[in-house]
Each structure stands twice: as C-alpha cells, then as structure tokens.
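Engineer: Each chain is listed here by its residues.
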Amino acid sequence: MEWANQLCENRQFGSKMTDSKYFTTTKKGEIFELKAELNSDKKEKKKEAVKKVIASMTVGKDVSALFPDVVNCMQTDNLELKKLVYLYLMNYAKSQPDMAIMAVNTFVKDCEDPNPLIRALAVRTMGCIRVDKITEYLCEPLRKCLKDEDPYVRKTAAVCVAKLHDINAQLVEDQGFLDTLKDLISDSNPMVVANAVAALSEIAESHPNSNLLDLNPQSINKLLTALNECTEWGQIFILDCLANYTPRDDRESQSICERVTPRLSHANSAVVLSAVKVLMKFMEMLPKDLDYYGTLLKKLAPPLVTLLSAEPELQYVALRNINLIVQKRPEILKHEMKVFFVKYNDPIYVKLEKLDIMIRLASQANIAQVLAELKEYATEVDVDFVRKAVRAIGRCAIKVEQSAERCVSTLLDLIQTKVNYVVQEAIVVIKDIFRKYPNKYESVIATLCENLDSLDEPEARAAMIWIVGEYAERIDNADELLESFLEGFHDESTQVQLQLLTAIVKLFLKKPTETQELVQQVLSLATQDSDNPDLRDRGYIYWRLLSTDPVAAKEVVLAEKPLISEETDLIEPTLLEELICHIGTLASVYHKPPSAFVEGSRGVMHKRLPARTGSGEGTECPDVGNAAGGSAPEAAPSIIPSQGDLLGDLLNLDLAPPTTTGPTPSTSGMQMGGMDLLGGGLDSLLGGDIGGSPAMGAGFGAAPTVMPASLNAPVGGGLGDLFDLGGGVGMPMGAYIPPKTVWLPAMKAKGLEISGTFARRAGVIQMELVLTNKAMSVMTDFAIQFNRNSFGLAPAGPLQVLTPLGPNQTIEVSLPLSTVGPVMKMDPLNNLQVAVKNNIDVFYFSCQYPISMLFVEDGKMERQVFLATWKDIPNDNESQFQIQDCHLNSEAASNKLQGSNIFTIAKRTVEGQDMLYMSIKLSNGIWVLAELKVQAGNPNYTISLKCRAPEVSQCVFQCYEAVLKN
Amino acid sequence: MIGGLFIYNHKGEVLISRVYRDDIGRNAVDAFRVNVIHARQQVRSPVTNIARTSFFHVKRSNIWLAAVTKQNVNAAMVFEFLYKMCDVMASYFGKISEENIKNNFVLIYELLDEILDFGYPQNSETGSLKTFITQQGIKGQHQTKEEQSQITSQVTGQIGWRREGIKYRRNELFLDVLESVNLLMSPQGQVLSAHVSGRVVMKSYLSGMPECKFGMNDKIIIDKAGKGGVTNEAGKSDLGGGGSTSGKQSIAIDDCTFNQCVRLSKFDSERSISFIPPDGEYELMRYRTTKDIILPFRVIPLVREVGRTKLEVKVVIKSNFKPSLLAQKIEVRIPTPLNTSGVQVICMKGKAKYKASENAIVWKIKRMAGMKESQISAEIELLPTNDKKKWARPPISMNFEVPFAPSGLKVRYLKVFESKLNYSDHDVIKWVRYIGRSGIYETRC
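Protein chains in written order, with the working numbering: chain A, -9 to 956; chain B, 505 to 949.
Where hints are given, some of them may not hold.
[Stated by the list, open to error] Distance condition first, Cα-Cα at most 20 Å in a straight line; then the derived SDA-like pairs of lysine to any residue:
#1 Lys795(B) <-> Met327(A)
#2 Lys408(A) <-> Arg812(B)
#3 Lys365(A) <-> Val523(B)
#4 Lys563(B) <-> Met327(A)
#5 Lys328(A) <-> Ile944(B)
#6 Lys333(A) <-> Asn863(B)
#7 Lys333(A) <-> Leu611(B)
#8 Lys333(A) <-> Arg548(B)
#9 Lys41(A) <-> Glu602(B)
#10 Lys41(A) <-> Phe921(B)
#11 Lys137(A) <-> Ser653(B)
#12 Lys649(B) <-> Leu69(A)
#13 Lys421(A) <-> Glu556(A)
#14 Lys582(A) <-> Gly693(B)
#15 Lys33(A) <-> Leu611(B)
#16 Lys588(B) <-> Glu545(A)
#17 Lys770(B) <-> Arg249(A)
#18 Lys328(A) <-> Arg548(B)
#19 Lys563(B) <-> Val340(A)
#20 Lys649(B) <-> Lys41(A)
#21 Lys324(A) <-> Val807(B)
#22 Lys582(A) <-> Arg548(B)
#23 Lys378(A) <-> Gln546(B)
#24 Lys582(A) <-> Arg556(B)
#25 Lys333(A) <-> Gln694(B)
#26 Lys328(A) <-> Thr794(B)
#27 Lys289(A) <-> Asp758(B)
#28 Lys563(B) <-> Glu301(A)
#29 Lys378(A) <-> Gly693(B)
#30 Lys289(A) <-> Lys919(B)
#31 Lys717(B) <-> Asn218(A)
#32 Lys723(B) <-> Ser176(A)
#33 Lys515(B) <-> Val49(A)
#34 Lys288(A) <-> Ser684(B)
#35 Lys288(A) <-> Ile725(B)
#36 Lys333(A) <-> Thr794(B)
#37 Lys137(A) <-> Asn81(A)
To be clear, the hints were calculated from the coordinates, so they are not data collected in a lab.
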C-alpha cells in the first residue's frame, strides 16, 4: 500500500489525473464513501467509484460489502462500466451466492443484445460466476450463443462450455452441450474450431474413457485444415490435440507429419515445440528404412536450434525439451554441438541446461572442442556451474575412452588451482575414472593426497577415502592417512563413516600385519559407539567375516567391481516415452510425469508412444491387431501405473508383502524379493507384536484364502465400530467360472472349432479350451500365441495337444497363463486376441475374459489402509452401478464373492441396509475398493467402486454381476 | 491452462491480479512474492513450483509478470503469451513501468479479459485489439452493426492481423534487413562458433488487402531456378542497394521462422514467401545462418602477466569489409581483474577509458572504414591479494554497426498485387536498408 500513499501526495499537488489515483484511498470511512458514490446519479461518478473498488480489490482489500451497490451499476449501456462490474462479479460472486443471483437477468438480457461484443462479453463472464444456483439459468443463453451467427460469440461460448463443465460436469452432459461442442469442430471459422478443440481436450482429460474427442481420419483432416488458418494460439491447441491421436498405420502417420512440418517455421516457439511433439510421436510409427523418415529427422534439427535464439525463458523450456529429444533420438542433433556452447551472458539456468546437453552430445568426433570449452567454464564465477563443468570433464573421460587421458590431465590442472570446490568436485569424478579404467591413472594419486586437508564436503571426503582404501597397497602411508580421518570419526557424516569403515577393512586385508590395531579401532567405533544402524550392521558383518574366515572376507570385500556405465542421469525409458508425449508442457520442463505435480484426476493419464506398425512381419506374429487391420492400438492412457506409483501404493498398503504358499506364479505384480527372503525370520521375530494386525496375519499365516482369526479384534478407537464384521465368515466357495462359449466357429477356421472359458484354480489362471476337428483331415502341430493385452496375459507353457486330432474328434486342453507378457491397453479392457496355429493354417480370434480371474489371493486389504486409501482416491474415480434381481443376503453374497478373491473387509449395518466393504487386487498390483449396499428384501444392490485406474471399474462390475447371479 | 496472472512491482506489491481458474487462490499471490521476488539468492529458474502450483515469470525492467497454474500446461505457450502480453501493453501505453501500469490498470484488466479466456490465449494482435479496445473508453456503443460485425470477423477471421478498407494516398513500403552477428573466437583466432540471426522488418503503408511476395537470394531457390532454366526474375525487379562485400550470389539459410501472416504450407512446398501484410510495422521473418559469414571485425588480444601485480594488454582490431563502407558506434570492452588499482591506456584512434565500476576498459571509436586496423595497449596495475582463485578472464566483447548484412543476404524482390484497387506493383514506392549489428561478439583472451 505504500505506493498508494505516495500517489496520494501526487494527487494533492494537483498532478495529472490518471487511473493511478484510484489506488490512493486508504482512509477508514472509505467503504461508506464508496457506497454513496456508487449510488450516485451521475454516471461519471459511478464509474469512478467502481474503478476505486476494483483497485482496492487488486491490492487484496475486502470490498465484498459493496456487492449490492456494485451489481446495481450493471444495468448500463456504458460498456466500460459494464466490464468493470463484471470483473467485480467474477471475484465476489462465490462469496455472495444469494446476491449474485441478481445479476442473472442482466446476463440473459445481454446474451440477446444486438452487439456481438456484448453478447460475447456476457457469455464469457457468466461462465466465470461459480455459483450453482446461477449455472442452471445460464444454460439457455449458452445454448443460443453456441449457435450464434457471429463467430466471435461462438468461439467465446465454446470456452464457456469448458467453464461450465468445471463447475458442474453432470449439467453439461445432461444439457447436451458436449454434442454441440463436437459439432463446432466442423465450424467454418478456424478460431471457433480451435477453441472447441481446446475445450473438448480439457473436458476429455477428466473423462479418460469417454472418447469425447472421437479422433478419426475425418476429424483429423478437419483439424489439419483449420491448422493452416487459425491464430498462433489456436494452432497450439490443435497440435496438442493432434498429439493425442494414434494413426492407424504408417501411411496415415506420414501424411499427418507432412502436413504438420510447415509449422516448424512458425515464429511462435510454442507452435514449433508442439509440432515437434506431434512429429516425434508419429515418427515412432514410420519404418526406419523409409526415405521420409530420414528427411523428417533432418527437418527437425534446424528449428530446434533456432529455439535457442529466443528469449532466455523460452530457451530454458526448449533446452529441457532438447534434453529429452537427445536422449530419445541422439541422431537429430549430433552435429549441432556448437550451438550448445555456453555464452558468457546466458542466465545461469540456461548455462546449466546447455552443459547437460553438451555432455550428452559429446563423442569422439567433437571431444576436443568440448573439453576446451569445459576447461573455460571451470574458471567461471557461479559455483554450481563450475562444479557441473568439472563433473562434466570427468563424464567425458568415462564416455569417450580416447579422451580419458586428456580429461585426467585437465582435472589435474584444475586441482592445481587449489580452489576448494573445484578440487573436491575433481576428486569425486576422478574416483569414477579410476573405476572405469582400473590400473591406468593411479599415478595421480600422489597429487590427490596432497589435497586431503582441503576437503570439507562429505562426498569428496568419501571419494578420497575410497581411493585410499582401494589403492592401499600403492600408498605408503595409507594407514596414516586413514587414521587421521578416524580421529574425528563421530563428527563425520554417515557417508564418510561408512566409506572409512570399508576402506580400513580393505587396508587390513591388504596389509594385515601393520593395521590390526586400526581395524579394531574402527570396528569398535562403528559397532559400539555409533547409534546409526547401517553403520553398526556393516561393522558387525565385517567383524564376523574377519573373525570367521579371512579368506572369504578377502573374496567378498576385495571382489572385482562391475564396470560403471557410460551414461549417467539417463531418464528411465518408460518415463522418457511418456515425457516425449508431453513435449512443450510443464512435465517436460520438470522431467516428471504430470501425476507428480498435478492434483486430481487430470494427472492420472499416462501417455505412451505408439507402436511401430510392422509391415514386414508375417502371420506368425501374434500382433493380430495390426496385421489383420483390426482396431488400432490406443495410445492414450495405460492402466498400468508407473513403477513409482505402484511402489508407493505397495509401501503404503502392505506392511508385510504377500508370501503366498502354493503354486502361485508371479502374478502378484510387484514382489519384493529382499523381503521374501527374510520372510520366515521376520515372522518369528516380530510375531508377538503384530498379532493384532490382520494383514500381517494374512501375509504370513495360513493359506491365503482362509480368513485370519484375529479379524474381530478391535483395530482401535472408533474404527472398530465402523468395521465391525458382525457374524463370522463361512466357508469360501469356489471361484466363478463362466460357461464355455464358442470363440472360433469351424466355418472360419477350416474346420477347427474352438470354444472355451477362463478359470482361476489355486492361484493359477487357466484358459480351458475345447478343440473340435470338424474337417476331414487330421490336425496336428497346434500352437497358440496371444497379442499384447491390457494385463500382460501370456501362455505360461505350450499348448499341450500331444496326439493328432482326427476328424470329428474333440479334445479338452487346459493352458496355464502368466501375467508377465507384454502390455498394451485393449478396448474393451478385457479383450484378448489369440492366434492358434495348426498344420493347416493360422487362425485368429478374440475373446473376453472375466477380469475376476486376475483377482489375486492376497487381495485383502487391512482395514485402516482401506480407509485411508478410500479417502485418498479422488472422488472422480468413483463409479456406481446397480445389480438387479439378486436374491442373496449380504452374508451369502460375501461368501460367494470371496470364492473369486473379492474380500469383504468389514460390514456395517445402517438402518436395515448392509454395507459391505471389499477389496480386490489385480495381478498387476492395481487395487479396487468396493462398497456394496444390500437392503433386506430389495433385490437391487448398489455398488460403488473406487480405483486409481478407473478404467477397470466397468469390468469389475461385470464380474460382480456374473459372480452374484451364478 | 493458465490459472491466473499477476503483475508485481520490484518490492513485490501486486499491481494487477486476474484469476481465471478456481484452483488458484489469493495465497498464490503471496507465495510467489515470498519465494521468488523476496528470495535471497538469484533466480535459478524461470519456472518455480511452490506447493504444487507452478509459476512462470518474466521480468521487464523492474516489473515482474507471473502466470500461475496447477495443471500440466504448455510451458512454451505460457512464456510466448507473457511476451505477447508485454508487447500488447507496450503498444498501448509505451514502456512497462510501475507508473504506466497503475495509470492504465482498467485498460489492462480489459485486455486481460479479452486476450485470455479461462486461461486460453485468444487473439492478441494489437492491430485488431485496437479496433475495439481503446484508451479513451470503448467505442462499442456508437458503432453501426456493420462495424461491429467487421470487428468480430476480423478478430476471429483468417486474416486477424489486418482490417479491411485501409486507404493510403501514397502506397509505400520500407524493408529493413537487421542482422546481429555473433562470434566466439579463441585467443588464437580460431572461430569457435559464429552465427547470424537476422530479422526482416517491414513497414507497410498499402491500401486494401494487398498480396505480397518476398524473394531473397536463398540458395535453395537460386539453385532450383538455375537448374530449371527459368530466367531469373531478380534481374528485372531487383531492389538494388545492399552493401554485401562479397560477390557471392546466394546464401544458405539454416532455418527461418515467419510471422503468422506468411503461408507456411506454401513455403514448405515451394519455398516462396507470400502473405497479406499487417498494416504498419511488423517483423516478417527471422532467420539464422552459420555458413560463410562475413565477420566485420577481428580482435587480436595479447595479455601478459608481468609478475603478480601487473598486466600488459594489447588489443588490435581489424575491419574486414569494403573500404568504401563505414562501420559506426564501435566499442571494445576489455575486462580487467577485480583487484585492479590503476590503468594506463594508449590508443591510436578513438577514446579509451578505464571504468572501475564495470571492471573494464572501454574503447570507443565513432567511425572506421573497411580494411583498416587500430590498436590499444594498456598497463594494468594490480593490488596484491591472497585470493587463491585465479581471475576468470572474461572474454573481450565488441559492439558495432555496419551498413551491410554480414550473412550476405540480399532482397531480390518484394512484389505487391492488389487486384481490387487500381494500383500496381510499379506504383508502390519501396525502400530497402541493411544494418548489421554485433550480437554477442566475443574473443577470449
């Protein structure tokens, strides 16, 4: 407010009267005065007053008390005043919903105004008034505006649909606005098309499965036409939308690429980057031997380089993206090293990113230049930058063997500068060089040792100690050096302590005679005087090793080390693929998937690159979808959550990982190997403490299908009441197996008829097939393969048809399946495409499996975890279904469901209605939580499903229905 | 999409705050102030994530513009928008300063309402915005129906950058080829990197909706024409001028980008540049070249450390272009160590001064003809220090302006067709000017 006061003085001196004067009033009776002015008869005075109100609003003062007075000014033909009042309304309507309704009439009236600018203004503003009561009144005006004769009004109305959807999604669907919006994609005006695309894309993001955008070759063609004509911003919306499409084949892919490439010459960097995104993605589908593929690669480099002459902020965005592109397709920029050289005046964020890319592009061809540059950078001012440059020199040494010697000598030069952080950074990288090229550069150790005293950072100290320990036999005074570190052992960081322990043990193993005392000392420091468990454990392990079998100790501690990799900091490939699909966006700037920084359901979608369509592969390949021209693989969301999420889930949920007995194959998605190994021991160790926890019981106790006895024990506090399980649980029944159906009629398969079903028996998924030979000749040599599918189902063994199948003979085969095959999302989700081969031909069919066979035995969630997870999953992911005509009581239902690994965790009775809470775990680790409402005497059940991957809900519901009705 | 847009002064006080999305609250305004504007250390990134909210910022003099979002927005678009926003404001009220922003806050809110809807950028061409958003209140109420629909069709139309019915008594256009030549040279005189980034800026005062075609000595076009045996139209309609010193006929353009008025698909297929120009001044294209660049000056540095308290510096500059041409505004900046206590300079030409506050010797020469050479020598006295760190030796940088295009680019023609009005290409008065300026022109020493 200070500046407001300063200006107040200006005003008193009679300086020029401008708008800034509105910022001036800070007196006490201000609201009162404003009220009077707002109700003044004079138009000018009114306007002045509203301006003052807006100014106060900007500064953050609460002027909501003036609501009725400001709204009164709305009925005016002065457009400037109207706009100001609207601005006020948007800010305060939510806090004054009752009064906001006063504005409705004006909006409705303005939407009929002869002036298109006023109609658009009204429709634009009313979408920003987030009051439920009002939204209903706005539907009619909006409907009219969507069909307005003026494109300016239509383009504004298109965005308004997205606004309304944000407030009340159901209303938008009920009113049919989505269809009107879809129609606008065919509008004659390019800007209307662009805004409609933007609105639809946004709405589609919150309904991952709605197929709202319905991209097909016709609509794509419309978009590509609009692309040539609309504003730069519209082009961005359209390109970003195009990037979500997956072309049917490589030819369509190429033709889209051809029409997108001209955008690479646009002056707007965002248009260029979005075009790059489309091209990078669609390029995946082009065969590499195609001429066009090479042409495209060549076309991509110049625009990417041009982005580096944009403003620094954009350069930064571009560099973060180039970093991804270089990792995905290094060939594009491999000759462009020079443009990434750092300029003296670049902002630091640009410098650091350039450096990163330089290292990635370094190769034998350009290493001399790169090294010369890096040496320059190491003398700059910014500490972070210098450190990174020094580290980069080390990385070059590791990456390009021919340059290693030069790099080492450069590093030595740098160490001579004695600049503290340069020396430390150099020592850290030299350690890695030693590991990469053992027995080559050890001559420099002497120089390194000279700098021992100046090292004050843990990483550098640890590196130095490692070097001393590793080369103890060549360093005469190794024991003295290490001993000097030992003096302040307890003040060192853990990293250094651990390294020191290991180094002294190494030293002892190499020179046992002189260093016995030293090793004793460090072992006792580590085991007795330290309260760090890692350090203590390592100490004990060494101690036991040394005392029981020194020879074995030598083999373990001085074992040959694996080589270190050339590239560091590479982004994990699946994440990289996802990020490539997000080029230009924040995700590509952060190098994190959107789910890591976006709240709610918007971030859950994982994007993937499309698969290359095989043109050369023959029929043996089970990729029936592509080869047979079936449904194209959908690029969009994979239901498999990324590794990170899954691990997170697991850590949250299972205190003890499932160690199922019996012949369960690796169905349970993520197994924690290490924990399994220790399972038995842990059990006995902790058994006493955790008796009360049902999940632990289930994990380690008896067979997984048997309910743990401790379930009735109160979990604690109010939770116990909620989750009181009433009566006991009866004997589980067998899993539901659907009846066999004919999958492949004899007509289509030269006489071979296949029918079958799926079952889960003792934790093993089985495909039960009946093969009938209706042809005249004998069939032999049966084999089976699956196309990639949503849950990675694959045959666990060959198809066991050992005897030839004679005419009119039938054979039943049971094929065990695993869930570790390749994954691709199918539509419907539980669709499975199968290829069966015999001596006659290869036949293709597709069938749908009940998702219940993927429900694993350890799908019982702990109650508290259930509660927390239920709350944690956003409400958007909840779906509700009705099961009709089911005459079971809740107990029978629960028993029946348990047979199919749908576990009831708790039951609650509210006003005669039984609520059953259940959990299911899919073989890929996805958890589904369910709430089943059963009312005595009412044959209709209501079921709500919540899951982090809401796509599976529909399938799960079908299973419920099938299980309960059979 | 963009959830909100804030403008702050250098102290972090909010001047403008406009929220577009419900997920952005008032606390976002404070979060940015506390974490970025008032942060102790230097800004390390133009994108900041604070409590799951992302902030994009740019600075214009001491004004901060920040766009806020909670979604995975198109980051490049947000920055492009912020720059555009600055351009629009500048074209309405000049320099972006605290005072100007306060004086025009109503106008800014009005613009923000128009160019950003629910966080989606809309038409932001000043040309068309000015037809219905003006500083003196809105025209709105007094327009006829035709005028109104003309405005809306222009704002949403294919040619959003130009309105119909423009008339000039004299049809005239000015073309400026503005190049900035960038160089990084090693102390031994080896070119480490060099490129020219050029812009073609056009001022057009043409009636009606003229169709223009622009031609330059692009290697690809010339080679194509040569092979095809087509007679070179440049011969007839060459706009002449140009001061390129080299005799080369064509240049290789690494990459170019165009104003949105240029038909990109046509450039992609035929490499011809055709467009309907906006009225007044605008940037037609940008380009970048790296091959056969004429480096107007060469800097030959010689630095000698005499003991620990003295440096001897000698710098020679050589001009490398036609002797008939004159370079102007030449400035050579020789950095000096931080512990400099005194400097003695002798130069053959121009004036040289040691500027302690900038840690540099600045040598200025008003004019210098081509193929000449000049020299400066300096003795720098140093205070003894016990600072272990060596002096970083920043590069010697240079500024200048030359009347030719260092890339060798030449305008071959700019043809204007307006079929509806009765003027032809010959009636249009055309002016072409070439200016080459130094970009980052550095020689390491």
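Engineer: Now look at each hint and say whether the structure bears it out.
Structural biologist: Hints, one by one, checked against the model:
A hinted pair counts as satisfied when its Cα atoms are at most 20 Å apart, and Lys795(B) with Met327(A) qualifies at roughly 15 Å. Restraint check: the Cα-Cα separation between Lys408(A) and Arg812(B) comes to about 17 Å, which is no more than 20 Å; the hinted pair holds. A distance of roughly 48 Å separates the Cα atoms of Lys365(A) and Val523(B); the hinted pair therefore is violated under the 20 Å criterion. Our distance criterion of 20 Å between C-alpha atoms is broken by Lys563(B) and Met327(A), whose separation comes to about 30 Å.
A threshold of 20 Å between alpha carbons decides the hint, and for Lys328(A) with Ile944(B) the separation of about 15 Å falls inside it, so the pair holds. Restraint check for Lys333(A) and Asn863(B): satisfied, since their Cα atoms lie roughly 19 Å apart, inside the 20 Å limit. With a C-alpha separation of about 39 Å, the suggested pairing of Lys333(A) with Leu611(B) is violated against the 20 Å cut-off. For the given pair, Lys333(A) sits about 17 Å from Arg548(B) by alpha-carbon distance, which is consistent with the 20 Å threshold.
Between Lys41(A) and Glu602(B), the direct Cα distance comes to roughly 18 Å. Compliance with the 20 Å bound is thereby established for this hinted pair. Distance check on the hinted pair: Lys41(A) and Phe921(B) sit about 48 Å apart at the alpha-carbon level, beyond 20 Å; violated. Distance hint between Lys137(A) and Ser653(B) is fulfilled; the C-alpha atoms sit about 16 Å from each other, no more than 20 Å. A hinted pair counts as satisfied when its Cα atoms are at most 20 Å apart, and Lys649(B) with Leu69(A) qualifies at roughly 16 Å.
Taking the CA atoms of Lys421(A) and Glu556(A), the gap is near 14 Å; set against the 20 Å cutoff, the hint holds. Using a Cα cut-off of 20 Å, the hinted pair Lys582(A) and Gly693(B) is violated, with the two alpha carbons roughly 43 Å apart. The hinted pair formed by Lys33(A) and Leu611(B) meets the criterion: a straight-line CA distance of about 19 Å does not exceed 20 Å. Distance check on the hinted pair: Lys588(B) and Glu545(A) sit about 66 Å apart at the alpha-carbon level, beyond 20 Å; violated.
Pair hint Lys770(B) plus Arg249(A) holds up; C-alpha atoms about 11 Å apart against a cutoff of 20 Å. With a CA separation close to 24 Å, the supplied pair Lys328(A) and Arg548(B) exceeds the 20 Å bound. Using a Cα cut-off of 20 Å, the hinted pair Lys563(B) and Val340(A) holds, with the two alpha carbons roughly 16 Å apart. For the hint linking Lys649(B) to Lys41(A), the alpha-carbon distance of about 29 Å lies beyond 20 Å, and the restraint is violated.
At roughly 35 Å between alpha-carbon atoms, Lys324(A) and Val807(B) are farther apart than 20 Å, so this suggested pair is violated. For the hint pairing Lys582(A) with Arg548(B), the CA-to-CA distance comes to about 18 Å; that is within 20 Å, so the pair holds. A hinted pair counts as satisfied when its Cα atoms are at most 20 Å apart, and Lys378(A) with Gln546(B) qualifies at roughly 18 Å. Annotation: proposed proximity of Lys582(A) to Arg556(B) holds, straight-line Cα distance about 13 Å (limit 20 Å).
A threshold of 20 Å between alpha carbons decides the hint, and for Lys333(A) with Gln694(B) the separation of about 16 Å falls inside it, so the pair holds. The suggested pairing of Lys328(A) with Thr794(B) holds, with an alpha-carbon distance near 11 Å, which does not exceed 20 Å. The hinted pair formed by Lys289(A) and Asp758(B) meets the criterion: a straight-line CA distance of about 10 Å does not exceed 20 Å. Between Lys563(B) and Glu301(A), the direct Cα distance comes to roughly 11 Å. Compliance with the 20 Å bound is thereby established for this hinted pair.
Straight-line distance between C-alpha atoms of Lys378(A) and Gly693(B) comes to about 27 Å, which puts the hinted pair past the 20 Å bound. At roughly 29 Å between alpha-carbon atoms, Lys289(A) and Lys919(B) are farther apart than 20 Å, so this suggested pair is violated. Distance check on the hinted pair: Lys717(B) and Asn218(A) sit about 18 Å apart at the alpha-carbon level, within 20 Å; holds. This hinted pair does not check out: Lys723(B) and Ser176(A) have alpha carbons roughly 41 Å apart, beyond 20 Å.
For a cut-off of 20 Å, the pair hint linking Lys515(B) to Val49(A) stands: about 13 Å separates their Cα positions. Proposed proximity of Lys288(A) and Ser684(B) is contradicted: the alpha carbons are some 26 Å apart, above 20 Å. Using a Cα cut-off of 20 Å, the hinted pair Lys288(A) and Ile725(B) holds, with the two alpha carbons roughly 19 Å apart. This hinted pair checks out: Lys333(A) and Thr794(B) have alpha carbons roughly 17 Å apart, not beyond 20 Å.
With a C-alpha separation of about 28 Å, the suggested pair Lys137(A) and Asn81(A) falls outside the 20 Å cut-off, and the hint is violated.
Violation of the numbered hints given earlier is confined to hints 3, 4, 7, 10, 14, 16, 18, 20, 21, 29, 30, 32, 34 and 37; the remaining hints are satisfied by the structure.
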